[in-house]
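S.K.: Could you build all of it, start to finish, from the sequences and the hints given here?
There are 2 protein chains.
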Amino acid sequence: MRIALLGGTGDIGEGLALRFGRDTDHEVLVGSRDPERARDAVADYEDTLEDHGAEASIKGFVNEMVTDRADVVVLAVPPYHVGDTIESVADALDDDTILVTPAVAMKGDEGGMQFHPPSAGSTTELVAQRAPDGVPVVGAYHNLPAGPLADLEADIDYDTPVVGTDRDAVRTVVDLTNEIEGLRALEAGPLSNAAAIESLTALTITLTMHNDAQDLGVKWQE
Amino acid sequence: MRIALLGGTGDIGEGLALRFGRDTDHEVLVGSRDPERARDAVADYEDTLEDHGAEASIKGFVNEMVTDRADVVVLAVPPYHVGDTIESVADALDDDTILVTPAVAMKGDEGGMQFHPPSAGSTTELVAQRAPDGVPVVGAYHNLPAGPLADLEADIDYDTPVVGTDRDAVRTVVDLTNEIEGLRALEAGPLSNAAAIESLTALTITLTMHNDAQDLGVKWQE
Chain S
53 MRIALLGGTG DIGEGLALRF GRDTDHEVLV GSRDPERARD AVADYEDTLE DHGAEASIKG
113 FVNEMVTDRA DVVVLAVPPY HVGDTIESVA DALDDDTILV TPAVAMKGDE GGMQFHPPSA
173 GSTTELVAQR APDGVPVVGA YHNLPAGPLA DLEADIDYDT PVVGTDRDAV RTVVDLTNEI
233 EGLRALEAGP LSNAAAIESL TALTITLTMH NDAQDLGVKW QE
Chain V
53 MRIALLGGTG DIGEGLALRF GRDTDHEVLV GSRDPERARD AVADYEDTLE DHGAEASIKG
113 FVNEMVTDRA DVVVLAVPPY HVGDTIESVA DALDDDTILV TPAVAMKGDE GGMQFHPPSA
173 GSTTELVAQR APDGVPVVGA YHNLPAGPLA DLEADIDYDT PVVGTDRDAV RTVVDLTNEI
233 EGLRALEAGP LSNAAAIESL TALTITLTMH NDAQDLGVKW QE
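Just so you know, the protein sequences line up as chains S and V, in that order.
If you're matching positions, the first sequence starts at 53 in this note's numbering and goes up one per residue.
If you're matching positions, the second sequence starts at 53 in this note's numbering and goes up one per residue.
Careful, some of the hints might be misleading.
Copies of one chain are not kept apart here, so a pair can be met inside one copy or by any two copies together.
[Said to hold, decoys possible] List of simulated lysine to aspartate or glutamate pairs, EDC-like, C-alpha gap at most 20 angstroms:
#, residue 1, residue 2
1, Lys111, Asp77
2, Lys271, Glu233
3, Lys271, Asp209
4, Lys271, Asp207
5, Lys111, Glu205
6, Lys159, Asp146
7, Lys159, Asp63
8, Lys271, Glu239
9, Lys159, Asp267
10, Lys271, Glu162
11, Lys111, Asp123
12, Lys159, Glu102
13, Lys271, Asp143
Since the hints were made in silico from the structure, they are not lab data.
M.R.: Below, the structure is given as C-alpha cells:
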C-alpha cells in the first residue's frame with residue numbers, strides 16, 4: 053500500500069514515516085507544501101532508518117503529488133491547517149483514497165490543556181465536512197505522543213482508537229496500524245465518537261503536566 | 053479516615069467498599085436511602101471480605117448518617133440522583149468533608165456510548181454547583197469498570213484521574229486511592245478538566261463494544 057503523510061516533515065508525520073518505514077513493507081510518501089522540505093525530511097528519515105538497519109522505501113514530494121499516488125493519506129498537519137490542506141489536495145482525492153486525520157484542536161490554561169473543538173464537534177468531523185464527497189474519512193493517531201513515536205530507540209506500547217465514516221476504511225487503517233510494533237489500533241465506531249478521542253489528547257497532556265510525567269500514551273486493558 | 057459511600061449498595065459502591073475494606077485500614081460506611089438495604093449490603097460485603105481473609109470495619113446506615121460521620125463522602129449514585137442525594141445530606145456536609153463524585157452522564161446509540169453532559173459541563177461540575185458553599189468537591193473513579201472492581205479475585209491495574217476544587221482535597225483522595233492495590237490515582241487539575249475524564253468513560257465503553265472486549269480500564273504510560 054502507499055501511505056502519504058501530508059505535513060510529513062512535522063513531528064507526528066516524522067514518527068509515522070519512521071515507524072511505517074521500519075516496521076512495514078508499505079511505501080511511505082512524505083508530503084509538504086514545499087517539495088524541498090519534503091526531500092530534506094526524506095533524506096533525514098532514510099539516514100535514521102539506515103542507522104536502525106531498515107531499508108525503507110520513502111519518497112518526498114509536494115502534498116498534491118503524494119496524495120495523487122497514495123491509497124491512504126494522513127493529514128499530519130496542525131488543526132488550523134486541516135481545511136486549506138484538504139482544499140489543496142482535493143483534486144487528488146477520490147473514493148479509493150482513505151483520508152486519515154490525527155489532528156486535535158486544544159488550548160491551554162494554568163489548569164491544563166483543554167479540548168477546543170470546532171463547530172463540527174471535532175476536528176475529525178470537520179475533515180469529513182471538508183473532504184470531497186465519497187472520500188472515506190478516518191480519525192486515528194490522536195493520542196500518540198510524538199516524541200517516542202519518532203524515536204526508534206523508544207519501545208512504545210500505546211493504543212489508538214480509530215473512528216470512521218466507513219467500516220472498511222476503519223479496518224484498513226486498523227490493520228495497517230497494527231503492523232507497527234507497539235501500537236494497537238482499536239475500532240471506535242463512527243465519527244460521532246471522535247470528540248471523546250480528541251478530548252483524551254488534551255486530558256493526557258494535562259496528566260503529563262500535573263504528574264511530573266513525560267510523553268504519556270494510553271492503553272486500555274481488561 | 054472514615055469513608056462514606058452513598059449509594060454504596062450499587063456496583064461502583066460495592067467495589068470501593070470491598071477494595072477500601074480489604075486494602076486499607078480506613079473505616080468504610082455504606083449509605084443508602086433505605087437503612088435496611090445498607091445493613092444487608094454490609095453483611096454481604098463482610099462475608100466477601102471474610103472469605104478473602106480480611107477483617108474490615110464496615111457499617112451501614114442511611115445516607116444522612118454516614119455523611120455526618122465521614123471525612124470523605126463518595127456519591128456512588130447514578131448521575132440523575134446526584135442532585136437529590138446532595139440535597140438529602142447537605143446538612144451533614146461541611147468544609148471538613150470532601151465530596152467525591154464518580155458519576156458520568158451518558159447515552160447510547162448504535163455507534164457506541166456518548167458523553168451527555170449536564171449544562172454545568174460535566175456531572176463533576178454539577179456536583180460542585182449543588183454542594184453547600186465551602187465543601188471541597190473532587191471528581192474521581194469515573195473510568196473504573198465496576199465488575200472487576202467488585203471482584204476481589206480480579207487483579208486490577210487501572211488509573212483514575214482526580215480533579216478538584218481544592219488541591220489539598222485532591223491530594224487526600226489521590227493518597228487514599230493509591231492505598232488500593234492495582235489503582236493509581238493521577239492528579240488532573242481543576243474541575244474544568246472533568247468533561248474530558250467523563251468523556252473517556254463513554255469512549256471506554258464504546259471501545260469495549262467495538263472490540264469484543266470486557267471491562268476495559270485505562271492506563272497512561274510513558
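S.K.: Hints first: check each against the structure and report whether it holds.
M.R.: Checked hints:
For the homomeric pair Lys111 and Asp77, the shortest alpha-carbon distance inside one copy (14 angstroms) is at most 20 angstroms, but the shortest distance between copies (62 angstroms) is not. For a Cα distance limit of 20 angstroms, the shortest separation of Lys271 from Glu233 qualifies both inside one copy, at 14 angstroms, and across copies, at 19 angstroms. Taking the shortest Cα distances, Lys271 and Asp209 sit within 20 angstroms of each other both inside one copy (8 angstroms) and across copies (11 angstroms). For a Cα distance limit of 20 angstroms, the shortest separation of Lys271 from Asp207 qualifies both inside one copy, at 14 angstroms, and across copies, at 17 angstroms.
Proximity of Lys111 and Glu205 under a CA criterion of 20 angstroms is satisfied in neither setting, with 23 angstroms inside one chain copy and 53 angstroms between copies. Proximity of Lys159 to Asp146 under the C-alpha cut-off of 20 angstroms is found in neither arrangement, the shortest distances being 33 angstroms within a copy and 35 angstroms between copies. Taking the closest pair of Cα atoms, Lys159 and Asp63 come within 20 angstroms of each other only inside a single copy of the chain (19 angstroms); across copies the shortest separation is 36 angstroms, beyond that limit. For a Cα distance limit of 20 angstroms, the shortest separation of Lys271 from Glu239 qualifies both inside one copy, at 14 angstroms, and across copies, at 18 angstroms.
Taking the closest pair of Cα atoms, Lys159 and Asp267 come within 20 angstroms of each other only inside a single copy of the chain (18 angstroms); across copies the shortest separation is 32 angstroms, beyond that limit. Taking the shortest Cα distances, Lys271 and Glu162 never come within 20 angstroms of each other, neither inside one copy (26 angstroms) nor across copies (24 angstroms). Proximity of Lys111 to Asp123 under the C-alpha cut-off of 20 angstroms is restricted to the intra-copy arrangement: shortest distance 15 angstroms within a copy versus 62 angstroms between copies. For the homomeric pair Lys159 and Glu102, neither the shortest alpha-carbon distance inside one copy (38 angstroms) nor that between copies (50 angstroms) is at most 20 angstroms.
Proximity of Lys271 to Asp143 under the C-alpha cut-off of 20 angstroms is found in neither arrangement, the shortest distances being 37 angstroms within a copy and 41 angstroms between copies.
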